[in-house]
Amino acid sequence: GENVEQHPSTLSVQEGDSAVIKCTYSDSASNYFPWYKQELGKRPQLIIDIRSNVGEKKDQRIAVTLNKTAKHFSLHITETQPEDSAVYFCAANGRDDKIIFGKGTRLHILP
Amino acid sequence: EADIYQTPRYLVIGTGKKITLECSQTMGHDKMYWYQQDPGMELHLIHYSYGVNSTEKGDLSSESTVSRIRTEHFPLTLESARPSHTSQYLCASSPNGRAEQFFGPGTRLTVL
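First to last, the protein sequences are chains A and B. So the first sequence is numbered by the working numbering: it starts at 1 and just counts up by one. So the second sequence is numbered by the working numbering: it starts at 1001 and just counts up by one.
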């Protein structure tokens, strides 16, 4: 069935360093890959997305890369700041317009 | 302001009670979804709808039911609440032809 695997489940990085979260997906028909950030007690919010016709997309300190052949996509956060601490979910579109979410990565930014 | 709203935000009830969690969106989206999530944990899809009179069960078995009589409204009902239903319930919507989902603020349910 459709599946999105996400690693690591927890990640701690020193403030100012970079963080990378990796995901793999199973459905070769997937062509849309969003990333959501969920701060403590808040709703998930879309922070960046990528479609299968591009390999990389950047928005200030965050970037996503996509390797369709390997069915891998990654989120990169550079110059991390305390407000980057949150749970991050990767996702891929599946059949019937559903979004298949990864299990989430809890990112801690250490002072 | 166009947004997605959920009420109540917090609810504490006793076992056996019937409850309805409300979700409304003013964005004109056709697709709507209900997720169950323990705080900061995995998102489990429990119901979705593509439009009026369309409802489907999600990937996680749930004892809840939904209805979609109006485009903007997608309520979720638990006929007889149990402690195992204690969780956060997130509603989301998505415009037709696009995959992006926008989430509501959630309802945190506690069943005693």
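These are computed hints drawn from the structure, not numbers from a lab. Glycine residues also receive a C-beta, built at the ideal position from the N, C-alpha and C atoms. Heads up, a few of these hints could be off.
To be verified - Derived Cβ-Cβ restraints for the label pairs, each shown as a range: (1) B/1070 with A/12: 25 to 33 Å; (2) B/1112 with A/51: 21 to 29 Å; (3) B/1013 with A/70: 30 to 38 Å; (4) B/1067 with A/79: 41 to 49 Å.
Unchecked claim - Heads up, simulated SDA-like pairs for lysine to any residue below, C-alpha to C-alpha not over 20 Å straight-line: (5) A/57 with A/42; (6) A/103 with B/1071; (7) A/42 with B/1057; (8) B/1017 with B/1027.
Said to hold, decoys possible - Chain B stretches covered by chain A per the calculated footprint, using a threshold of three residues with CB under 8 Å from any CB of chain A: (9) 1037-1051; (10) 1101-1107.
So does residue 1067 of chain B sit 41 to 49 Å from residue 79 of chain A, Cβ to Cβ?
47 Å, holds
Outcome for the supplied range 21 to 29 Å, where the beta carbon pair is residue 1112 of chain B and residue 51 of chain A:
46 Å, violated
For the region 1037-1051 of chain B, do at least 3 residues have a Cβ located nearer than 8 Å to some Cβ of chain A?
Result for this restraint: holds, n = 8.
Satisfaction of hint between residue 1071 of chain B and residue 103 of chain A, Cα-Cα up to 20 Å:
30 Å, violated
For a C-alpha distance cap of 20 Å, please report whether residue 1017 of chain B and residue 1027 of chain B respect it.
32 Å, violated
Would you mind confirming whether the straight-line C-alpha gap from residue 57 of chain A to residue 42 of chain A stays at or under 20 Å?
Judged against 20 Å, a Cα distance of about 25 Å means the pair is violated.
Does the hinted range 30 to 38 Å hold for residue 1013 of chain B and residue 70 of chain A at CB?
48 Å, violated
Kindly confirm whether 25 to 33 Å is satisfied by the beta carbon distance between residue 1070 of chain B and residue 12 of chain A.
46 Å, violated
Within the region 1101-1107 of chain B, is the number of residues with a Cβ closer than 8 Å to a Cβ of chain A three or more?
That given contact holds, which follows from 6 residues of the region 1101-1107 of chain B lying within Cβ reach (below 8 Å) of chain A.
Decide if the proposed pair is consistent with the structure: residue 42 of chain A and residue 1057 of chain B, CA atoms, cutoff 20 Å inclusive.
Status violated; Cα separation ~25 Å.
Violated hints, in rising order: 1, 2, 3, 5, 6, 7 and 8; the structure is consistent with all others.
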